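Protein chains in written order, with our numbering: chain L, 26 to 241; chain P, 3 to 203; chain C, 65 to 304.
In short, the hints are calculated from the structure, not lab data.
No experiment lies behind these values; they were computed from the predicted model shown.
Idealized CB from N, CA, C, for every residue including glycine.
Among the hints, a few may not be true.
To be verified - For lysine-lysine, the following DSSO-like pairs were computed, each having C-alpha atoms within a straight-line distance of at most 27 Å:
hint: 1; chain 1: L; residue 1: 178; chain 2: C; residue 2: 214
hint: 2; chain 1: P; residue 1: 36; chain 2: L; residue 2: 241
hint: 3; chain 1: P; residue 1: 133; chain 2: L; residue 2: 241
hint: 4; chain 1: P; residue 1: 17; chain 2: C; residue 2: 75
hint: 5; chain 1: P; residue 1: 161; chain 2: L; residue 2: 241
hint: 6; chain 1: C; residue 1: 214; chain 2: L; residue 2: 241
hint: 7; chain 1: P; residue 1: 17; chain 2: L; residue 2: 178
hint: 8; chain 1: P; residue 1: 6; chain 2: P; residue 2: 161
hint: 9; chain 1: L; residue 1: 241; chain 2: P; residue 2: 8
Claimed, not checked - Quick list of simulated restraints, FRET-style, between CB atoms:
hint: 10; chain 1: L; residue 1: 67; chain 2: C; residue 2: 240; range: 40 to 50 Å
hint: 11; chain 1: C; residue 1: 79; chain 2: P; residue 2: 116; range: 34 to 44 Å
hint: 12; chain 1: P; residue 1: 17; chain 2: L; residue 2: 83; range: 39 to 49 Å
hint: 13; chain 1: P; residue 1: 61; chain 2: C; residue 2: 90; range: 53 to 63 Å
hint: 14; chain 1: L; residue 1: 212; chain 2: P; residue 2: 112; range: 45 to 55 Å
To be verified - Some chain C residues flagged as far from chain P (calculated, every beta-carbon gap over 10 Å):
hint: 15; residue: 174
hint: 16; residue: 178
hint: 17; residue: 183
hint: 18; residue: 194
hint: 19; residue: 198
hint: 20; residue: 208
hint: 21; residue: 233
hint: 22; residue: 236
hint: 23; residue: 291
hint: 24; residue: 294
hint: 25; residue: 299
hint: 26; residue: 301
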Amino acid sequence: MWSLILRDIRLALRSGGGFVLTLAFFLIVIMIVPFGVGADLGLLSRIAPGILWIGALLSCLLSLDRIFQLDWEDGTLEALATSPIPLSGIATAKATAHWLTTGLPITLASLPLGYLLNLNHNSYFLLLTSLAIGTPALSFIGTFGAALTVGVKRGGLLLSLLILPLYIPTLMLGAQSMSVGTNNPIELLALIAAISFMCIALLPFACAIALRANLK
Amino acid sequence: MLLKIKNLDCRRGNKLIIANVSFNLKSGECLILKGPNGSGKTTLLRYIAGLSTNNLLNDNIAYSGHLDGVKSTLTVQENLKFWSGIYNTNNMANVIKTLKLNDFQNRIAGELSAGQKRRLGLARMLITNAKIWLMDEPTVSLDKTTTTLISEIITQHCKEGGAAIISTHVNLNLPSSKVLDISEFKPEIDKEFDPFLEGVF
Amino acid sequence: MSLWEYANPAKFMTLSARILPALAITSSCLLLIGLLWGFFFTPADYKQGSTVKIIFLHVPTALMAINAWLMMLVASLIWLIRRHHVSALAAKAAAPIGITMTLIAIATGAIWGKPMWGTYWAWDPRLTSFMILLVFYFGYLALWEAIEDKDTAADLTSILCIVGSVFALLSRYAVNFWSQGLHQGASLSLDKEQHVDNAFYFPLLVCIAGMVLLFVTLVLIRTRTEIRLRRLLTLRLRNS
Chain L
26 MWSLILRDIR LALRSGGGFV LTLAFFLIVI MIVPFGVGAD LGLLSRIAPG ILWIGALLSC
86 LLSLDRIFQL DWEDGTLEAL ATSPIPLSGI ATAKATAHWL TTGLPITLAS LPLGYLLNLN
146 HNSYFLLLTS LAIGTPALSF IGTFGAALTV GVKRGGLLLS LLILPLYIPT LMLGAQSMSV
206 GTNNPIELLA LIAAISFMCI ALLPFACAIA LRANLK
Chain P
3 MLLKIKNLDC RRGNKLIIAN VSFNLKSGEC LILKGPNGSG KTTLLRYIAG LSTNNLLNDN
63 IAYSGHLDGV KSTLTVQENL KFWSGIYNTN NMANVIKTLK LNDFQNRIAG ELSAGQKRRL
123 GLARMLITNA KIWLMDEPTV SLDKTTTTLI SEIITQHCKE GGAAIISTHV NLNLPSSKVL
183 DISEFKPEID KEFDPFLEGV F
Chain C
65 MSLWEYANPA KFMTLSARIL PALAITSSCL LLIGLLWGFF FTPADYKQGS TVKIIFLHVP
125 TALMAINAWL MMLVASLIWL IRRHHVSALA AKAAAPIGIT MTLIAIATGA IWGKPMWGTY
185 WAWDPRLTSF MILLVFYFGY LALWEAIEDK DTAADLTSIL CIVGSVFALL SRYAVNFWSQ
245 GLHQGASLSL DKEQHVDNAF YFPLLVCIAG MVLLFVTLVL IRTRTEIRLR RLLTLRLRNS
């Protein structure tokens, strides 16, 4: 399975600039917020947690439809499906590769971007932690959405419609854990971690069902 | 006996394409599937490969469909190394030699010609070390030299104890090959059962 | 004769044809009686005035909005496990009805909210959960429409419904954390409606019963239509 993860990382780096494009998008999204709501630092500071999380969500969405689509188009997905690795293993590998090339860079990039939005000083650690724990859920949920829509031409919009509702719990808890008024962020972080673990453990099987249906 | 198929029905979507297919595949044998387009050759191959059912018929299968299964942004060597890792084999050097890909090892697969890409796809079959090869029109749009090379490789594979089921319109000159005409198994329209049409007429 | 026999499309059509008229009449009567009783024959609540009577529409539709999704969940599981076509089509048929119920619930909630709390909408846990449920419904239907092969579509939408149900449940609880944190001021809890006295209780029950039967009626009608559509499709494919 490591072969698949490494291969996907290599593919991501080689085509379309890999994670650089994702980070650029993240930057642009964060940048246009002050353009839209005004540069009042107090306001920005209050909405920074939510905006950072929403930016992370949208940036993750970008590379999702590529996860299975490219392999589907050149026949590699079929070849992988007939290999010794079960479909759930393939899904796990791809979700992991996606997190390493998207979720992880986003988590790290959020720190300087948080500064742009005048994030409260005490929240930086929570920003890093909540994103680090929450982005795996985003990758695995996204992989599930990609498995559902792999056969749909131009399925990017449908993919977004399907998985943004699934992102809602992680988003709510993530943004909330960083908010200034929260008394017990640890509790929220634990919940985010629980959701992520559940996604990592169970969603690959759902992906397998979806991939099998699409490969028929 | 590598593979036993008995009274198999194959559907594409909800439509019954072939009915009551039976055949045996022994080690060293080559089964050629013949029939007009749309008669169900691809459907049968995909079924045996495990793509259209939930259970794998046999662990020892390698499938090559209409598409090459080649990543065009990786080099030939990276492509093959990847498959070696998946199937846990280490015959890559031999395979490259057999398929005469030595000169292209470090070339990006996207820059290869169609024939070279097909050879790369075939290299994957060799790397898997699988006994049964399922090939859907392996020589379509290839020149004579490449077609001969592919025939030789299939022959060698069967000689070494493997077997192959190949759907093709071209005469591949394969020794010990049986022919199965798929159009003989076309279901009769009246006899076909569809849950939605039951009781309607 | 086990219940599974009706999973056969032909048998389902005959059975549903037989019970549909009775079902339709009963549900209409129950709803009519319940609504008329509730709207015209109950005293106005001394605190909330007459507008509270919208709950005779609001509560049943809200209940059915959730139950419709639950029914889709069960039908999806049956399709994945036992591959009964009627089940898959019933789930597809129920979705638009669920959407309508959710929209009516949200709208009647808004109509109730304006005179009560001065606003048509507030981001309180219950209302927000219904909004989230609405987008889950949309996603489900969108996926059905996007896939050409109907059996593949049934598979994909079934697994989406199952995964979606888990996340809908998660959202329900995450919303509590969320609304307490960011919106300490807006506590527009509709839980206040729990305190309903007897005069309202019985007409409410009648309305709920009527709405349940209406749901069943509509699902049966739409499933029959879906089955007919599949028949047309199969015939067309056969002749090609």
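Hints, verified against the model:
1. L:178 - C:214: Roughly 16 Å between the alpha carbons, so the hint for residue 178 of chain L and residue 214 of chain C holds.
2. P:36 - L:241: 22 Å, holds
3. P:133 - L:241: The hint holds at about 24 Å.
4. P:17 - C:75: Holds, at about 21 Å.
5. P:161 - L:241: 32 Å, violated
6. C:214 - L:241: 12 Å, holds
7. P:17 - L:178: OK: residue 17 of chain P and residue 178 of chain L at ~24 Å, within 27 Å.
8. P:6 - P:161: Cα-Cα ~20 Å, so holds.
9. L:241 - P:8: Cα-Cα ~21 Å, so holds.
10. L:67 - C:240: 40 to 50 Å: 28 Å, violated
11. C:79 - P:116: 34 to 44 Å: Taking Cβ atoms as reference, residue 79 of chain C and residue 116 of chain P lie about 57 Å apart, which means the hint is violated.
12. P:17 - L:83: 39 to 49 Å: 42 Å, holds
13. P:61 - C:90: 53 to 63 Å: Between residue 61 of chain P and residue 90 of chain C, where Cβ atoms are some 57 Å apart, the hint holds.
14. L:212 - P:112: 45 to 55 Å: 51 Å, holds
15. 174: 42 Å, holds
16. 178: 48 Å, holds
17. 183: Residue 183 of chain C clear of chain P: closest Cβ-Cβ about 50 Å, beyond 10 Å.
18. 194: 35 Å, holds
19. 198: The assertion about residue 198 of chain C holds, with a minimum of 32 Å to chain P.
20. 208: 16 Å, holds
21. 233: Given that every Cβ of chain P is farther than 10 Å from that of residue 233 of chain C, nearest at about 28 Å, it holds.
22. 236: At roughly 33 Å from the nearest Cβ of chain P, residue 236 of chain C sits farther out than 10 Å, so the non-interface label holds.
23. 291: Answer for residue 291 of chain C: violated, closest chain P Cβ roughly 7 Å.
24. 294: Per Cβ check, residue 294 of chain C is inside 10 Å of chain P; nearest 5 Å; violated.
25. 299: Given a closest Cβ separation of 7 Å, the condition is violated.
26. 301: 6 Å, violated
The earlier numbered hints that this structure contradicts are 5, 10, 11, 23, 24, 25, 26.
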